[in-house]
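*Asks:* What follows is each chain in one-letter form.
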Amino acid sequence: MIQPFTSDPLRWVAEDGQPIRELPARFTPEVLRDLHREMVRAREFDKKLVTLLRQGRTTFYAQASGMEATQVGLARSIRVGHDWVWPYYRDHALGLAMGVPMLDLVSQCLGTNSDLCRGRQMPHHFGATRQNFVSISSSIASQVPPAAGNAMAQKYLGTDELTVCTFGDGATSEGDWHAGMNMAGAYGAPCLFVCENNQWAISTNLRAQTASESIHIKAKAYGMPGYYVDGNDIVAVMEVLSHVAQDVRSGKGPALVECLTYRVGSHSNADADAEKNYRTREEVNAWLARDPIVRVERLLEHLGAPVSAEERADLITATHREVDEAVLAAEATGQPDWRIVFEDVYADTPVHLREQAAFLREEQTALTDGAVRA
Amino acid sequence: MTATQPKPAASSAGETRVLTLIQAITEAMAEELARDERVVVFGEDVGARGGVFLATAGLQEQFGQKRVFDTPLSEASIVGAAVGMAVRGLRPIAEIQFADYMGPGFDQIISQAAKIRYRSGGQFTAPLVIRTPSGGGVKGGHHHSQSPESYFAHTPGLKVVMPSTPYDAKGLLKAAVRGGDPVIYFEPKRLYRAAKGEVPAGDYTVEIGQGAVRREGSDLTIIGYGGVMPDAEKAAQALAAEGVHAEVIDLRSLVPWDRDLVLTSVSKTGRAVLVSEAPRTSNFMGEVAYVIQEQLFDQLLAPVMQVAGFDTPYPYVQDKVYLPGANRIAAACVRVLNY
Ligand SMILES: Cc1ncc(C[n+]2csc(CCOP(=O)(O)OP(=O)(O)O)c2C)c(N)n1
Chain A
1 MIQPFTSDPL RWVAEDGQPI RELPARFTPE VLRDLHREMV RAREFDKKLV TLLRQGRTTF
61 YAQASGMEAT QVGLARSIRV GHDWVWPYYR DHALGLAMGV PMLDLVSQCL GTNSDLCRGR
121 QMPHHFGATR QNFVSISSSI ASQVPPAAGN AMAQKYLGTD ELTVCTFGDG ATSEGDWHAG
181 MNMAGAYGAP CLFVCENNQW AISTNLRAQT ASESIHIKAK AYGMPGYYVD GNDIVAVMEV
241 LSHVAQDVRS GKGPALVECL TYRVGSHSNA DADAEKNYRT REEVNAWLAR DPIVRVERLL
301 EHLGAPVSAE ERADLITATH REVDEAVLAA EATGQPDWRI VFEDVYADTP VHLREQAAFL
361 REEQTALTDG AVRA
Chain B
1 MTATQPKPAA SSAGETRVLT LIQAITEAMA EELARDERVV VFGEDVGARG GVFLATAGLQ
61 EQFGQKRVFD TPLSEASIVG AAVGMAVRGL RPIAEIQFAD YMGPGFDQII SQAAKIRYRS
121 GGQFTAPLVI RTPSGGGVKG GHHHSQSPES YFAHTPGLKV VMPSTPYDAK GLLKAAVRGG
181 DPVIYFEPKR LYRAAKGEVP AGDYTVEIGQ GAVRREGSDL TIIGYGGVMP DAEKAAQALA
241 AEGVHAEVID LRSLVPWDRD LVLTSVSKTG RAVLVSEAPR TSNFMGEVAY VIQEQLFDQL
301 LAPVMQVAGF DTPYPYVQDK VYLPGANRIA AACVRVLNY
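Same order as they appear, the protein sequences are chains A and B. Residue 26 in the UniProt record's numbering sits at position 26 of the first sequence, and the numbers go up by one each step. Residue 176 in the UniProt record's numbering sits at position 176 of the second sequence, and the numbers go up by one each step.
Excised from the complex, chain A in its bound form (with noise of 0.2 Å):
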């Protein structure tokens, strides 16, 4: 049984790779290579999309990079295109392995036409329909109160989907925060709330963001129960979301799972000397230790499988070479025009949006820089 509230993360598998309990049956060689697999991907993601950066064929990058088992994790415990996904700006990893295609996660960092969010977002905002997958919002813990409702939804139209929505540690202090939670409690509805807490909000510490001891143990006031996870621990996480995840989607309404993570790099391009600004190169090299992906390595090489050397740089170049077509791909259908200013943002374009896209295209097609018109 996985009990809720406990004071330390449940987990499975130890940092030197040996399992703590007894590993389930369900997590064979093959299982956990491709677990593997997929970590490793959004980790090459994550230094391809910074190269990109310095390339200045994006303009903004957040990396997920020590938070891959906490997003694969959950990626493998939901039905992908059944249940609904609220995620939050740093969850590539999630959508990668949900499914999300490369080609349409690479448009949306490039702004390019065959971006599905039509060059409207920043970079790293994401959205797809077919995984359920609801476009990425910047505003912190937006997202909350909607992912209620969402879930509300599915418990309206007796479904058996659930809705999951996940977040950081400092999206918890905002109100909205609050207020999501505690509706969904209130309505029982079905949405498993996924805290990646990877213990920083930018600057901010989680000690400094709230005097609570942990983030699952807000779950009690909103009448839900809150489980604590180390979000490191691929099997960890698997594990409990999946037992929550079946509770949820079986009527007995939403749960708090906190991930306990960490992300490794900065907290996007904007935030390039975390270390030398805030926080110390021994704390960093400690969660360094605790690498996710490190982690199945070992814990392969224990099951006697272990993931050759060979193998590894073949899944590295394998990834690279994936976005670096899809990269070339998406660059090939071009910038997005003027129209895309007008387009979408209402269902019947009204009158006054139409005279403005009027002028824009009079002003695009006559008017060049530097022409003072007469």
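Each statement offered as a hint is correct.
Pairs of lysine-lysine, DSBU-like flavour, derived with a Cα cap of 30 Å:
(1) 66(B) <-> 218(A)
(2) 48(A) <-> 139(B)
(3) 234(B) <-> 320(B)
(4) 252(A) <-> 218(A)
(5) 66(B) <-> 276(A)
By construction, these hints were calculated from the structure, which means they are not laboratory data.
Chain A is already provided as a structure; the job is to place chain B with the ligand on it using the hints.
*Replies:* Just chain B with the ligand now, with coordinates in the frame of chain A:
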């Protein structure tokens, strides 16, 4: 420079330096923290990190964690706490990380900060400053580029300020800290480092409610504020090359705004072009246009024209097209001149 443009006043040491807009803002906070122990500076990441744009860089080191501190990630808490502190006698300078994120703090701003003086018959007041980077031009998409000033200009009880020069940034921020009212102080983020200018090393204030003439002219008046000012001046320069003399006015404050300055200028030129990057509908400049036509109906030689943002969310890829640049402003001027 004209009579209405305050000269960089000689400070005690008589020294002026060239600063960027953001340096002037930091300096204003440092001097106010040093001047008055009741001044406190707080918000998300303003402490060790020094703010995401580094506006508060070094302040925590200099003044300690009691005076300059990080808050939980909650704009409602930041603004609401600022109100409570101000009521209890402190002088809070709260930072909202981006103007786009005033949303979660909106109720505290309009229900508490703006109304406590009125609803208590003046028994309780909340003199505080909310600083926030606003406007576009930095490839931020709609959650990092909006210009929400009209929401606040629409709410009685708030003062609304937006500097475009380092000199004004320092003087207006000091005036805001020392005044008796809640002030929403918008910082046009694309000018943080792009706008450079002379700033006195010592103490001075710029009165909230006074505009400034940036350039004198007789043929028409261009009126703007904040991030559009460099483009307004560029447009005026381009027109000058064609023999047209535009007067350029920087409002500097929206509430209250300098009606006298605007009306004096437009009654001289007979033509007005109003520039802002906020969406056109319910744009604050609509109010300025209304007052011009009400007061100067007989003297206008052409309809008042507005150059504004489009009535769409701020786009990411087409961010340059969205902003009213010098060309769009100049084209509007030409239309008004040819009316
Ligand atoms: C309402 C709102 N306020 C402020 C910001 C600026 N901001 C962007 S990310 C961030 C920190 C978020 O931290 P957390 O929720 O812990 O997620 P993490 O980035 O650590 O994964 C802040 C303050 C924002 N995007 N939205």
